[in-house]
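**Student:** Once you've looked at the hints, dock chain E against the given chain L.
There are 2 protein chains.
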Amino acid sequence: MLSAAYESLDYDTCVNSAWLDEERTMGYKYVVKKDVARWLVVLLTAVLTALVACVIDMAIECLSGYKYTWLKQYTDYGVATNLMIIPFLLWAAMNIGPTLLAAFLGSYIEPVAAGSGIPQVKCYLNGVKVPRVVRIKTLVSKALGVIMSVLGGLAVGKEGPMIHSGAVIAAGVSQGKTTSFKHDFGFFEYFREDHEKRDFVSAGAAAGVAAAFGAPVGGVLFSLEEGASFWNQGLTWRVFFGAMMSTFTLNLVLSAYNGFPGKLNYNGLLNFGKFDDLTYEIWEFIPFLLMGVMGGLLGALYNHINLKLTAFRMRYIQKPWQKIIEAAVVAFVTAVVAFLMMYLIHDCRAADTQSSEYPIQMFCGIGEENAAAAIWFQTPERSVRSLFHDTSDSYHWSTIGVFFVCYFFLACWTYGLGIPAGLFIPTLLCGAAWGRLVGMLLCLFFPDQKWVDEGKYALVGAGAMLGGVVRMTLSLTVILMECVGNITFGLPLMIVLMVAKWVGDFFNEGIYDIHIQMQGVPIMAWDAPPLSNNIYASEVMNRPVVTLKSVERVGHIVNILKANTYNGFPVVDSIPTSENVCYFKSFGTLRGVILRSQLTVLLKHKIFNENAEVWQNSKVDIHLFRISYPRYFTLDEVDLNPEDMNCTVDLRPFYNPSPYSVVTCTALPRIFNLFRALGLRHLIVVNDNNEVVGMVTRKDLVKYRIWKHRGQMGLEELVIYNNVS
Amino acid sequence: MLSAAYESLDYDTCVNSAWLDEERTMGYKYVVKKDVARWLVVLLTAVLTALVACVIDMAIECLSGYKYTWLKQYTDYGVATNLMIIPFLLWAAMNIGPTLLAAFLGSYIEPVAAGSGIPQVKCYLNGVKVPRVVRIKTLVSKALGVIMSVLGGLAVGKEGPMIHSGAVIAAGVSQGKTTSFKHDFGFFEYFREDHEKRDFVSAGAAAGVAAAFGAPVGGVLFSLEEGASFWNQGLTWRVFFGAMMSTFTLNLVLSAYNGFPGKLNYNGLLNFGKFDDLTYEIWEFIPFLLMGVMGGLLGALYNHINLKLTAFRMRYIQKPWQKIIEAAVVAFVTAVVAFLMMYLIHDCRAADTQSSEYPIQMFCGIGEENAAAAIWFQTPERSVRSLFHDTSDSYHWSTIGVFFVCYFFLACWTYGLGIPAGLFIPTLLCGAAWGRLVGMLLCLFFPDQKWVDEGKYALVGAGAMLGGVVRMTLSLTVILMECVGNITFGLPLMIVLMVAKWVGDFFNEGIYDIHIQMQGVPIMAWDAPPLSNNIYASEVMNRPVVTLKSVERVGHIVNILKANTYNGFPVVDSIPTSENVCYFKSFGTLRGVILRSQLTVLLKHKIFNENAEVWQNSKVDIHLFRISYPRYFTLDEVDLNPEDMNCTVDLRPFYNPSPYSVVTCTALPRIFNLFRALGLRHLIVVNDNNEVVGMVTRKDLVKYRIWKHRGQMGLEELVIYNNVS
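Protein chains in written order, with numbering that gives the first Met the number 0: chain L, 0 to 724; chain E, 0 to 724.
No lab work stands behind these hints, which were simulated from the structure alone. Backbone N, C-alpha and C define an ideal beta-carbon position, used for all residues, glycine too. Where hints are given, some of them may not hold.
[To be verified] Straight-line distance between alpha carbons at most 30 Å, and here's what the computed DSSO-like set of lysine-lysine pairs gives:
1. L/Lys273 - L/Lys262
2. L/Lys28 - E/Lys707
3. L/Lys584 - E/Lys584
4. L/Lys196 - E/Lys707
5. L/Lys318 - L/Lys181
6. L/Lys128 - L/Lys548
7. E/Lys707 - L/Lys32
8. E/Lys33 - L/Lys707
9. L/Lys707 - E/Lys28
10. L/Lys548 - E/Lys584
11. L/Lys262 - E/Lys449
12. L/Lys32 - E/Lys702
[What the hints assert, rightly or not] Derived CB-CB ranges, DEER-like:
13. L/Glu21 - E/Leu717: 25 to 31 Å
14. L/Arg709 - E/Ala36: 20 to 26 Å
15. L/Ile108 - E/Asp526: 38 to 44 Å
16. E/Phe444 - L/Gly366: 50 to 56 Å
17. E/Glu715 - L/Ser627: 36 to 42 Å
18. L/Val35 - E/Asn257: 48 to 54 Å
19. L/Thr278 - E/Arg23: 52 to 58 Å
20. L/Leu443 - E/Asp526: 57 to 63 Å
21. L/Ser627 - E/Phe505: 34 to 40 Å
22. E/Gln711 - L/Asn645: 51 to 57 Å
23. L/Gly233 - E/Ala349: 49 to 55 Å
24. E/Asp526 - L/Glu21: 16 to 22 Å
25. E/Leu634 - L/Phe284: 50 to 56 Å
26. E/Asn231 - L/Phe186: 33 to 39 Å
[What the hints assert, rightly or not] Sample of chain E residues at the chain L side, in silico, Cβ under 10 Å:
27. Met244
28. Leu530
29. Arg675
30. Leu677
31. Asn686
32. Asn689
Isolated chain L (complex conformation):
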């Protein structure tokens, strides 16, 4: 099912007289100025994104430090007094408290801030207008919320929200105004169109990835994988520049924060620590491949469970208070699981083998500490690092096994809660756990081999699991390579990710795509469905078409705008030719297309023929249309007198005189390519005499979708529903 609630972005520019007038007055200096402004916006975006990421990073580190120090004291005290209920209750409270705050932000304050944000950014880059996704309020809710989520000890990461933050910042900076605070700074007005804004958002998303993982190249590739249809070289460079500057700023601030100011290649800046010597032998590709398969299977299972859970949530957990309660329950269960593991598993290790910052002795001997507690007594990101880098006798296999099973289901339950929370870290942690188990198993069989390194297998497992869940390959490989600071290990990572994707795709789709589809977002695939050349424009198009004449009565325009929700109206010559020549009813010869937004601006400013001398002197230019972007007037905001209704409007200077159009016998893939490559919002279908017979929009195309499951494949037609809730 497709929701009718989502509108499409319009990547196409409307070359009307107003636009041409502006272009004529501006010289090449204007071009250069605009170009410099673009670089400036990207730089600003990158720096701000990095700073937001720093704030999130430092807040989490600092607050978690307090939390675990305090917990440790009480746990040690509890062990000493044999009164374990006190640290348990304290832990539960310290999980539930921040989680409630996060859930409040994600449910009451700004629901679109819930989740990882990557699906929303993906939709936006794909050309779907997701309401409120790039607002400052969203950014604040997201940033605060994710700090609280991580602090709440949930199985969440901060990376997805950082990427979303980058997108919001880019959208904000490039527009030079904020809707949340209702302030227009007045600069960058020429970037106020979907085309430019979307380019900046892709740069912002890349800067977000770069800040989240310290992976500038990965960031560029992420933007490319998610929004590549509108890519070009100039944009690529700006995106790369932004990603690099973002990493630079982040490293600069964090290296100072960590006490090594200016030491930009300080290893502590790598999220998951540096692997210095990731060597591998050729025969290791066999376990790698098997781990890829495993990752694909586990990922498909994860996605399947989450799909069912999401369906359940959409039906039964709709109200904000219900979401808050669910989040609290998850926080509590997480505390219970963690505490029970620590309490029941008696896995004692020498204190110096553990890398945990808050080692807990529990019931172990002196100089020993509890390995289960070591995994839990830190943020998930640190746990990933521990599993990657701890020495080979840091954990008993059963500790890791139990941890993996518990964490897998916890992570699966957590994703989709009404809190701002990312998915990358918990998935990596699950994968690192079973990957380390594989490493231990190999250790058992090949005890004295140099190539057996548990940390290496943890990394492979983490990659396999993440690949199985999110089904990205190129960007993910590079992100992982950059995260661990190692290039030579790229090949095994790529193979593992690719196998995991293939195996996973056999069962279902990536987690982000599942969530996007559940929301009914009309997202466009990369290619038209195969074997769809026998579907013609005449079958795809919407009819009847509401058209306007070149010179139209105001009352008629108002009625049309009131009567339907279309966003584009073909402008036609009034006299349709005789019916008998064409198969489809003609609505007149196509002259151009005018948008609802343009019509409302014309009405609002009363640009009628009857008072032409007034507005022609005051120079109606493109500025008038830009200033109200992106939230144009609704009809209610346009106040017209009864006498205005009889005025006429000459649309000719304002409509787009050369809209893209296709004939009725055009096959679906050709229409699809036009939409995909040019980012269209409307496409006019004409007959052989250039008379309008129909109109195609994004949803008309997206409803034809190919499904592929378990080796089967077919074409399905989705239903478009009006979201009434």
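**Tutor:** Just chain E now, with coordinates in the frame of chain L:
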């Protein structure tokens, strides 16, 4: 000026009845099979590309080994007997010999194999058909030629030709037939169209980069930077897979060749050696930035000299024998320069500081060796490695200074000779030389600082120089990062490359673009020229248009095909409407477009209405059109009897019924976007009644070009000339 000799590739598919017939008979199994075949082709391409690269690598290493061992013996003998003329003559002969062979291959055997191949691949990916560029003969000439060029001691590299090799192999494997050997293997017939072939060529180019530099991610980004307008996710993954498999195969073979079988992360596989600890301080950005400026200036100078030289060559050195003589002269001069440097510069160093494999004592004391000889007595690639990694007292500054000046001009003179030869390595070597000089200078000012590392500055200089010459940023940064196996140094490299590009772009264009423009290749820019919205389709289009009717007499078709060289003909309804309604003469209502290649196939197989029962039974399908791709019949190959001339052909099942068209008032940028995004070859211009009034081809668009030099900017209109030579 634009040459009319270059035809455009056709990325658009012709959805006619024959195509639909095929699609109807094929189910989703066919889709899956085609998809599997695509992966297979990419895998095969990658492996073969890597093997070719291995052969080139090993041949160069082996033959150079013989050459320098022999030369060393004679030099040592010459020093002992004080008869230096013998080693000099030997050196000159051993330079000139292989160079002559390379020049013979690049001038007589296959002229398109001369040069680096990157401009040709770039043109192909851009959508220009460069004749013979993806033939097996080209591949063989290129591979043999580049071995000889490097062996000839010239200032050349093997990387560009490896990339070209990858492109050729991809085109060959994907088509399942060879034109050079006139053999059709019969498989992969469904890939015989420009669309598919070009996708494979981009994968092949990426595999080539991956094999040349051991840089898989860089390879993907290279393909992206050069051919990104037709990018999509599925293709990206295949390209990435190919690049990874190519690196893997190369590393597998070369690690075995070097005596470490299976050790895939063996450092010797990195072209320029591994930098383990590339640390940098923040204030080092100041020298880095200055070096970027320097690189831009030197690159612009290099390009300027080479531009003048190329113009000179195009005028005076046209004949193959002239080219051979020029190559021999350059080889001789190179030998002279090298010998003189070694003879005259008395820079003696302790033997253990030098990394040269063939150390020459010359007139130095015992246990010492000549530093100038150390740079020259190896392949340029090894010299780069030496400059990157030799200890700080390996060279006197004057040795490197003289070497830089000589090599700069030699490299500049060498590029553009009629030999297969790449540009990357010599440019890197120049840059490494002056970069090391900068490092030495800093050493002088800050003698005891840990951060001063001559090798690091050599790397930065190499990057700056290469960036200043070729003006790539994203892919080059990643290639350099992968080449030296270090991620953290990515940021300085990017900054340096970007500054070098900006500074260089102020003066002229990248070397590849210069050569492409000198050839008059109609290459499309990334964006339409700015401020060109006031240029309309009616000004851009070609008129009059040669049109055909739906049912046409054979004699008329033959006459039309003979009378002009157009490749696409609009099919129209016969009766033009009255003249007075439109500004431009109408050629009838548009029905579709038929290609020259389709017409010749119809004529060749006599698919006339008069013998319809014959060919309709034998099932005329898409196979008939594919089998003759890409070299369709010429009119001479079609033998028609006089009575055939009066037959008629029904074009309706064969033409494309829904060609892309625009109205006369469409602005240039909109047309440009259509061409760029959809890879069009023809675009029909119609009036408001869908009647054909003109036609736009690639050259009509490309002739509007923006120039930017020294802060100035403007629009120029190129002249299209018919290449008569």
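**Student:** Against each hint, give a clear statement of whether it holds in the structure.
**Tutor:** Taking the hints in turn, this is what the structure says about them:
no.: 1; hint: L/Lys273 - L/Lys262; verdict: holds (15 Å)
no.: 2; hint: L/Lys28 - E/Lys707; verdict: holds (12 Å)
no.: 3; hint: L/Lys584 - E/Lys584; verdict: holds (28 Å)
no.: 4; hint: L/Lys196 - E/Lys707; verdict: holds (26 Å)
no.: 5; hint: L/Lys318 - L/Lys181; verdict: holds (29 Å)
no.: 6; hint: L/Lys128 - L/Lys548; verdict: holds (29 Å)
no.: 7; hint: E/Lys707 - L/Lys32; verdict: holds (14 Å)
no.: 8; hint: E/Lys33 - L/Lys707; verdict: holds (15 Å)
no.: 9; hint: L/Lys707 - E/Lys28; verdict: holds (12 Å)
no.: 10; hint: L/Lys548 - E/Lys584; verdict: holds (26 Å)
no.: 11; hint: L/Lys262 - E/Lys449; verdict: holds (13 Å)
no.: 12; hint: L/Lys32 - E/Lys702; verdict: holds (25 Å)
no.: 13; hint: L/Glu21 - E/Leu717: 25 to 31 Å; verdict: holds (27 Å)
no.: 14; hint: L/Arg709 - E/Ala36: 20 to 26 Å; verdict: holds (21 Å)
no.: 15; hint: L/Ile108 - E/Asp526: 38 to 44 Å; verdict: holds (41 Å)
no.: 16; hint: E/Phe444 - L/Gly366: 50 to 56 Å; verdict: holds (52 Å)
no.: 17; hint: E/Glu715 - L/Ser627: 36 to 42 Å; verdict: holds (38 Å)
no.: 18; hint: L/Val35 - E/Asn257: 48 to 54 Å; verdict: holds (49 Å)
no.: 19; hint: L/Thr278 - E/Arg23: 52 to 58 Å; verdict: holds (54 Å)
no.: 20; hint: L/Leu443 - E/Asp526: 57 to 63 Å; verdict: holds (59 Å)
no.: 21; hint: L/Ser627 - E/Phe505: 34 to 40 Å; verdict: holds (39 Å)
no.: 22; hint: E/Gln711 - L/Asn645: 51 to 57 Å; verdict: holds (53 Å)
no.: 23; hint: L/Gly233 - E/Ala349: 49 to 55 Å; verdict: holds (51 Å)
no.: 24; hint: E/Asp526 - L/Glu21: 16 to 22 Å; verdict: holds (18 Å)
no.: 25; hint: E/Leu634 - L/Phe284: 50 to 56 Å; verdict: holds (55 Å)
no.: 26; hint: E/Asn231 - L/Phe186: 33 to 39 Å; verdict: holds (36 Å)
no.: 27; hint: Met244; verdict: holds (9 Å)
no.: 28; hint: Leu530; verdict: holds (6 Å)
no.: 29; hint: Arg675; verdict: holds (8 Å)
no.: 30; hint: Leu677; verdict: holds (6 Å)
no.: 31; hint: Asn686; verdict: holds (8 Å)
no.: 32; hint: Asn689; verdict: holds (4 Å)
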